[in-house]
Amino acid sequence: MNREYYGKLIFELSREGRKGYKLPKHAVEGSLSDIPSTLMRESAPQLPEVDEPTLVRHYTNLSTNNFGVDTGFYPLGSCTMKYNPKINEEVAAMPAMQKLHPYQPEATVQGALEAYHTLQAALAEIGGMSEFTLNPFAGAHGELTGLMVIRAYHESRGDAKRTKVIVPDSAHGTNPASAAVAGLKVVEVKSLPDGTIDVDALRPLLDDTVAAVMMTNPNTVGIFESRIPEIAQMAHDAGALMYYDGANLNPMVGVARPGDMGFDVMHINLHKTFSTPHGGGGPGSGPVGVRKGLEKFLPNPRVIKRDDGSFALTTNDDALGSISVTLGNFAVEMKALSYILSLGNEGLKNVGPLATLNANYIKSSLNHVYKLPIDRICKHEFVFDGLADKSTGVTTLDVAKRLLDYGYHAPTIYFPLLFHESLMIEPTETESKETLDEFISVMAKIAHEASATPEVVKTAPHNTPISRPDDTAAALNQIVTYADLTQNA
Amino acid sequence: MSNIYYSQTHEYVRVDGNIGYVGITDYAQHALGNIVYVDMPEVDDDVTAGEEFGAVESVKAASDLISPVSGAVVEINEHLIDNPRLVNENAMENWIIKVELSDKSELDELLDEAAYKALCESESAH
Amino acid sequence: MTHRYFPHTPEDIKVMLERCNLATLDDLYSDVPDNLKLNRNYDLPSEMSETEVRNFFKKLADKNVSELTCFAGAGYYDHYSPSVIPALLSRSEFLTAYTPYQPEISQGTLQYIFEYQSMMASLTGMEVSNASMYDGSTATAEAMMMAVAHARKRNRVLVSATVNPAVRKVIDTYAHYHNVVVDTIAEDNGTTSRADLEAKIGEGNVAGVIVASPNFYGILEDYTGIADLCHANKALLIMNCVASALGAIKTPGEWGADIAVGDAQSLGMSLSYGGPYLGYMCCTKALIRKMPGRIVGATTDENGRRVFVLTLQAREQHIRRDKATSNICSNQGLMALYATMYLSLLGNKGLREINEVSHSGAEYLVNGLTSTGKMRLKYPDRPYLNEFVIEVDGGDVDKFIADGIKQGILPGVKIAPDEILIAVTELQSRSDMDALIMLAKNTFAPNLTPSRHE
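Residue numbers (our numbering), protein chains in the order written: chain A, 109 to 597; chain B, 45 to 170; chain C, 1409 to 1862.
Treat the hints with care, since some could be wrong.
Per the computed footprint, the stretches of chain A lying under chain C, defined by three or more beta-carbons under 8 Å from a beta-carbon of chain C, are [to be verified]:
| hint | segment |
| --- | --- |
| 1 | 138-146 |
| 2 | 204-218 |
| 3 | 340-350 |
| 4 | 387-397 |
| 5 | 427-437 |
| 6 | 529-536 |
| 7 | 579-586 |
In case anyone wonders, no lab produced these hints; they're calculated from the structure. Glycine included, each C-beta is placed from N, C-alpha and C at the ideal position.
Pulled out of the complex, with its shape left as it was, chain A reads as follows:
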């Protein structure tokens, strides 16, 4: 490994005259000379010139500066970093799936459409919904799509007053952001000290201007909202719909279904619950499911099964419109289908319980050294409010950075906003007891270090490829391209 050399920017490894491609032989001589020069680019783009071996060394060395689920334990709360099975990659890359053009005639893509339909039906069974669209590209895109479904539903009834969405103050940041993009006004409702929604505060907010109540269950502190049927009833009585943010679906898999809890619309993050790799931030997939009666509002195009057993792409006028040109991140969808088939019924019913067991095991093992603000059975994740001993001056950020030194990814930090020093831990069902025991002992060790040698923790990390970066300088200087960098040099 030579990160020093191969880890430079690819531009710095470039030498004029090198190349990393060879196009197929072409009998037609290539030329652009007949196109008016006013329509052609004036200066060439600044792209590197590299040979293939150099490129491979560069990106292989870069990859070693990264940490993935395959590298080690990744207890990032709300992100459900479970193991990503390799068979999923293999089947998604099958040429007969990968080489299909999105505008191929229906008759030539029957297998692809059947795969889409099979996955949407499986998700409908798991979510307790009637039908899913797989078109949304990511979780936030799913939220937006789901809220558009809700707006299309109200519009279809001529109910134009409903412009608000109620969101708990513990909600994921995407919830209010998606509502704003969907043209809805956000009304926050407070959480009780136990982290659950304040039903009494919710009640007076539910009037005829509310389009939806948007919740996740379990909520972002990992607590199941036991009063959910009552909340759904209240919302429905007021004419609003219930939206389920599927970011926290994992502990419910095999146990309970959002549809049965009274939710009308939901999204699922396939890259969380159904094990498709996060890819350093994408591509994800955020299918949206609806209860019976709302199917017609799902975005175009939809995949339906005809009576003769064939599959068809359809569009309809009641639909909310289109949120994608195609059927979403198709290859990602195939990976999720592969995962569901690999687990089957027997596997799926254990996903939620084992994820929940792992979370409670860590919580029960560390609640004497970390401050546990809500001491109840949690679901797939839970939140510590920093160290139990507040006298050391060691913050959640410091603990997170110190964990990197010991070979762990950090938990989610400073979210939810309900606590000052939130440290949100989600282990997932694919972690062994031994991994958790190791993690627990390291967390305890860091708590001890915080008292004994606080400076070591406050200046962590020490064993990572780089030390803490200067974020303020990054924001002030805004060096965001190689051109900026060379100008600043």
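Following the hints, position chains B and C against chain A.
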């Protein structure tokens, strides 16, 4: 009597005749940390007491700016565009917007220095 | 209960439950009311082995007609895909990492995003790029919302009729819910009507103007003066471009655009029945804070080393919530890495070469198809790059396509009953094109001399 008034949300307005210089307090800049950006309205925009007119950002947080007074923006502090850290250096000197006050009686709703000091003390106690 | 993905032994479960002071796994759900519990198996198939999963997908795959010689485009093109890219993308340090929230152990991801931003900014001729978007259509819709946010009090956006109609549908959907008024700029013989643009922008309240290059018909429009017209009316110029074409054609930056958006699938990504692709968004530095999505910046660490971090995060949803520039949080990370590697391998010369052979191939094909006598280039006096519209006199495009598929050729995308959009890339050989020309002759030949037989 001082010509500086404070809001519960840590903005100040320094009044000079019909003109108010609006900024964030030293307490607020301290709580935010290194300021990397000040989002300001445009000249001729109207601001309303109690309503948002912009935001200040640090690296990992953003805080809405709530106007303590109503009126038209007659000037924005253009120094802050290139050098937002001026607010950290001297928050009282480096106002953010200059407002032509439309209703001076609004000043009565604001805190004086002593009351504001008490507010800060009670907040830091948490 | 053991599954190959779950490490728990019965003994582990017992010990772990004891630590939690619980007796059974069911006790973990004592807070879930009984009537909410499923209490049954899902109605789904039983657990499968890898062999069974593979066979399941093989059976589905066999129902597709794939490996067609692809003359279909309409935004998504069949380009050469270097095998080194999927090999590197499958490295699990890239594949199984999350968003780079911890820069100390994410320099791999952060650095390639920085490289990606640099390349995309240069390719589009803009100053800055974000870390990528879902796809070209949603990127264009985001650009529309960005223009409206920038304009603050104006909420009308003009979209040229020559923008891909599938992208337009997504724009319209976002606009409807986001309270943006979208008006169409009329088409004038395959290009954006300058007169109609001037008239509509003159009506006022315009926050942005969206045009495409190459446009939906494959035409390279002359946008001289459009940026000045937009800016004189305080509107932003948004240009939607096919990424690969930017290796040769005038860039959004050179036209004076404020925002460049589009799909980067054309940078060698597999067609994959619609995704994952890659949306890109670049803009002027003045607009950087209004830009949605993640941005990576260079800075130094405590030891003075050059390092990369997510920057300007205070614009984003996890901090600004309902006041964020957008709700977007994922980018298409791995696909951005794909584009970065592709652009590195091809370089400026490779991209240029691809555009040259694609263009010349398209000319060859136009000549061949029109020589059949029944096919006409719809916009003969407009310059095109590698895609064009063919009109078939009284012809049946559906039959042309169906006949083609029987011979292993996907002839193009039907855009009207008698119009087909045909694209050429470096992958179609001369014999592929000759086969398409022969197909056209055979499909429509009987019509060449109908009177003699009737």
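Between the segment 579-586 of chain A and chain C, are there enough contacts, at least three residues with CB-CB distance under 8 Å, for the coverage claim to hold?
n = 6 at 8 Å, threshold three: holds.
Residues of the segment 340-350 of chain A with Cβ under 8 Å from chain C, three needed, outcome:
With 0 residues in contact (Cβ-Cβ under 8 Å with chain C), the coverage given for the segment 340-350 of chain A is violated.
Count the residues of the segment 427-437 of chain A whose CB lies closer than 8 Å to any CB of chain C, then report whether that count reaches three.
holds (count 10)
Cut-off 8 Å, C-beta pairs, minimum 3 residues; does the coverage of the segment 138-146 of chain A by chain C stand?
Held - the segment 138-146 of chain A has 7 residues with a Cβ nearer than 8 Å to chain C, which meets the minimum of three.
Count the residues of the segment 387-397 of chain A with a beta-carbon closer than 8 Å to any beta-carbon of chain C: does the count reach three?
Per the Cβ count (6), the hint holds.
Report holds or violated for chain C covering the segment 204-218 of chain A, Cβ cut-off 8 Å, minimum 3 residues.
holds (count 14)
Mind taking a look at whether chain C covers the segment 529-536 of chain A? Criterion is 3 or more residues with CB to CB distance under 8 Å.
The restraint on the segment 529-536 of chain A is violated, since only 0 of its residues have a Cβ under 8 Å from chain C and three are required.
When each numbered hint is compared with the structure, violations occur for hints 3, 6.
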